Amino acid sequence: MAGVELREVSRSFGRHTVMEGLSLAVRDGECFTFLGPSGCGKTVVLRLIAGFERLSGGAISIGARVVSDPARKVHAPPERRNVGVVFQDYAVWPHKTVYENVVYPLVIRKVAKGEAAERAAQTIRDVGLSGLEARLPYQLSGGQQQRVALARALVSNPEVMLLDEPLSNLDANLREEMRFEIKDLQRRTGVTILYVTHDQEVALAISDRMAVLDARGRVRQVGAPDTIYENPRDSFVFSFLGVANFIPVERRDGLDFVRGTAVPLALPPADGGARPAADRLVAGCRPTDIALSPASSGDAERHAAGVLKRAVFLGASIDCRIDAGGTELRVLQDVGAAERAGLVLREGEPVAIRLHDVKWFDAAALAKEGLR
Amino acid sequence: MTGASGPSAPAGAAGNGPRFGAAEVLLALSVVVLVVVVAIPVLLIFWTALVVDGSPNVKEVLAILRKPDTYEALRNSVVIAAGVTFFSTIIGVFFAWLVSRTDLPFKETMKLLFLVPFMLPSFIGALAWKMLLSPRSGFVNKALAGAFGLDGPVFDIYSLGGIIAVETMYLFPFVFIQVSGALERMDPTLEESARISGAGLLTITRRITLPLMLPSIAAGALLVALYSLSHFGVPAILGTEVGIYNIPTKIYEKIHQSGGSFTAIRTGTILSSILVVAAGVILWAQSLLLKAGRFQVISGKSMRPMVLKLRGLKVPLLILSILYILVTVVLPTVTIVLVGTLKTYGVSFTLSNMSLDNLKYILFDWKMTRDAIWNSFYLSLGAAFVTMLVGTLISYVIVKMKVRGKFLLEFLGVLPFSVPGTVIALGVILMWSGKFGVNLYNTAWIIFVAYVARYMAFSLKSNSAALEQVHDSLEEAARASGATHWQALRDIVIPLIKPGMVAAFFLIFLPALRELTTSVLLYGPTTRTIGVAIYTLNEDGETVYAATLATVALAIIVVGQVVIKRITRTTVPGDQA
Chain A
223 MAGVELREVS RSFGRHTVME GLSLAVRDGE CFTFLGPSGC GKTVVLRLIA
273 GFERLSGGAI SIGARVVSDP ARKVHAPPER RNVGVVFQDY AVWPHKTVYE
323 NVVYPLVIRK VAKGEAAERA AQTIRDVGLS GLEARLPYQL SGGQQQRVAL
373 ARALVSNPEV MLLDEPLSNL DANLREEMRF EIKDLQRRTG VTILYVTHDQ
423 EVALAISDRM AVLDARGRVR QVGAPDTIYE NPRDSFVFSF LGVANFIPVE
473 RRDGLDFVRG TAVPLALPPA DGGARPAADR LVAGCRPTDI ALSPASSGDA
523 ERHAAGVLKR AVFLGASIDC RIDAGGTELR VLQDVGAAER AGLVLREGEP
573 VAIRLHDVKW FDAAALAKEG LR
Chain B
11 MTGASGPSAP AGAAGNGPRF GAAEVLLALS VVVLVVVVAI PVLLIFWTAL
61 VVDGSPNVKE VLAILRKPDT YEALRNSVVI AAGVTFFSTI IGVFFAWLVS
111 RTDLPFKETM KLLFLVPFML PSFIGALAWK MLLSPRSGFV NKALAGAFGL
161 DGPVFDIYSL GGIIAVETMY LFPFVFIQVS GALERMDPTL EESARISGAG
211 LLTITRRITL PLMLPSIAAG ALLVALYSLS HFGVPAILGT EVGIYNIPTK
261 IYEKIHQSGG SFTAIRTGTI LSSILVVAAG VILWAQSLLL KAGRFQVISG
311 KSMRPMVLKL RGLKVPLLIL SILYILVTVV LPTVTIVLVG TLKTYGVSFT
361 LSNMSLDNLK YILFDWKMTR DAIWNSFYLS LGAAFVTMLV GTLISYVIVK
411 MKVRGKFLLE FLGVLPFSVP GTVIALGVIL MWSGKFGVNL YNTAWIIFVA
461 YVARYMAFSL KSNSAALEQV HDSLEEAARA SGATHWQALR DIVIPLIKPG
511 MVAAFFLIFL PALRELTTSV LLYGPTTRTI GVAIYTLNED GETVYAATLA
561 TVALAIIVVG QVVIKRITRT TVPGDQA
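Residue numbers (the numbering used here), protein chains in the order written: chain A, 223 to 594; chain B, 11 to 587.
Hints were generated in silico from the structure; no laboratory data involved.
In this text the structure is predicted, and so the values were computed from the model without any measurement.
Using N, Cα and C, we set each Cβ at its ideal position, and we do this for glycine too.
Hints should not be assumed to be uniformly reliable.
[Stated by the list, open to error] Subject to a maximum C-alpha distance of 25 Å in a straight line, what follows is the list of computed SDA-like cross-link-like pairs (lysine to any residue):
hint	chain 1	residue 1	chain 2	residue 2
1	B	Lys324	B	Phe104
2	B	Lys412	A	Arg276
3	B	Lys412	A	Asp311
[What the hints assert, rightly or not] Facing chain A, from chain B, some residues (calculated, C-beta under 10 Å):
hint	residue
4	His481
5	Glu486
6	Arg489
7	Ala498
Okay, chain A solo, but in the shape it has when bound (with noise of 0.2 Å):
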């Protein structure tokens, strides 16, 4: 097992530079996450690893031994790199069994007859697909699919496996078992993974550490997931994180309004951290950090008030807009909660707004990444 480092990494493509002076260390046996929206150049920096990329500038090392290094003329090709690379589209070899995709990197490798069929046999049952190895890929499922996948990029291994969005292909509860899978495998084997995705529930389910990069693939933040969520250094990281509320705030004889309006808000006394000094404010919260009550009830002219546009029955909760003095916000209410406090809301009642927990954000550092 073998840590990765990647120290300055750039590449770029004729003019068009997707990634410029990326440096991260990645921890031997740790599952670490490249968290980014679609073409942040997040399946670069794997294909980099790999070694099926070349970089312009910087350099590229999997445990002691340096890997990629332009300016040494240094370029390991994939297959001398030890490490497992799963594939979003699963590149599972269409001629080949499910034995033979997965004993293929021993027999390339040269291990010996006997020794590769009973470490293919057992990495096949690693990834429950025991009975099927007879069967050619055409006849599986896609998560199926997607174990001999992860069963064939395992058998040899690696030091470091490489999993580009591999879950992206299969359906919400396949996408959830293999989550689950994906973490067990890591942790019996103390495999190093690293792993692409731009669905922050992966990311925040699966990780050990993750790194947040914006649309031009710069990190913006890492750590691990739950410091990341509760402390996110910006307000893109809080936004890319989940379903994020911004509401603008404007402080006036030592109260707080919804910036422009007479709508008061209360909120939390000094949570997210010190507010910070700059005059023009936005307070961020999560759909599951406001309170709603009527309007009617008494309190309402200490909490901000709102009109509820647009309630969505969820299931398990109810999606609702309110708009607050010209701002919409999304409020996730739980079902059983408002139904036992006699909190049913219609739509196009007045409410009373109260936040539990909000972030502060800089006016100007918003209006800059586009949130607002």
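Given chain A, work out where chain B should sit, using these hints.
Chain B alone, transformed into the frame defined by chain A:
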């Protein structure tokens, strides 16, 4: 233009690593092959046409074009191409509409039958029509004269009209395939919504269907024009006897008469240059049209189109279709086979006059025909095999590799599409007759090289299509599994594109087996091919033996098509020999 320094330069630029790996080797090889086999011969043609003593000379070009015989050849080529395109379009569109948009009985069978003319070499068709409709001895003319007591012949096949008619019979499937395909894939909701708006069938056809089909029709028509413009076989058999030449037959005549003199070759190169430019323009226009057509109408899904009920016209139209097949396919084929069994040409078809002796003679006893069959066989086999392999290599570089200098390959790869067989032959003569240190003239090798150049485009097309189906990640998965580039090719890519390679092989082998246009300019005393042998036998008045050998060729073609169907299960568009 030394040929040696050209190809190596892009290969060097491609290697952006220090190692000389598989990628660099593949790229260098493909560039070398395409440059030597395709690019230099074509460039030599332009060079010879336009440059005299090292400086461009347009005056002489114009002088040659103003000569009455070259001017007339040009004019005839245009007249024939225009006529063939016109009639092929009408016939092709009509039958395409009949089999895809009406309730004609046995539609599927009829559709296959309309493709049969594609597989028949048109020069064999011309041979048959000469026997049927030549003014003095044609069977049909004699029968008609006998029946109605006429003095002169009813039809004269030795005319521009005759040439146009025969070419049309064998080229109309180009339009038929394009249009019937487009009609089947056309979104029926376009027509249905017109119908809901209250339009009658005639209005729908005129205002909706026809305009939507126009790009496909035009694309098919342009293909017909392309082939007809540079077509050798039919005008050679039906025109030369009465002094009607088109560009390819003029080039052939010039070079044969003069025994390969420089003036003749220069005239040939000038005419060839015109052909190449015309073909280039036609193909360019066609690709534009196809792009436009795809945009508008064709959705990938196959749908159930609106079907017109023919009612009372059902039977008459079926009879018309069957008659068309009988006259254009069955009648000529039967004629060839029957004439091939006659003792001498001109005697009547009675059992006592017919035997299999001719067949035995040309297959086993006569060295010339035996050699021709053998030559065609091994030349086609060899060319098909080599062209298939080289085409795979080049397609791989074009489709899969990210290397600099690839655009050059892409350009060279499409070049053969626009270079007619006559031009290839001329280019090969210029390149391989000693000027550059290698003299292959009068050997089988020069035909081999010409076949490789001529059919490279087929191989590239088939192989590229197969390679595009193989997603990059399949190969990358092999590399990540520890396979080198070569091992990944051997274990993953080649097994996956094998069907495409096999298809490429047959796409080359079958047309090459009956090739005439290129071989006729290149053959030597011992290197006749089947096509050349049939042609020269006919020239020498050995009509019966020409027919017997043509029967053998037809038999080989039929067997070959059956084998192909078995192996690839796809129809193979024929090449016009």
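Hints, verified against the model:
no.: 1; hint: B:Lys324 with B:Phe104; verdict: 14 Å, holds
no.: 2; hint: B:Lys412 with A:Arg276; verdict: 11 Å, holds
no.: 3; hint: B:Lys412 with A:Asp311; verdict: 21 Å, holds
no.: 4; hint: His481; verdict: 6 Å, holds
no.: 5; hint: Glu486; verdict: 5 Å, holds
no.: 6; hint: Arg489; verdict: 4 Å, holds
no.: 7; hint: Ala498; verdict: 8 Å, holds
Consistency note: the structure conflicts with none of the earlier hints.
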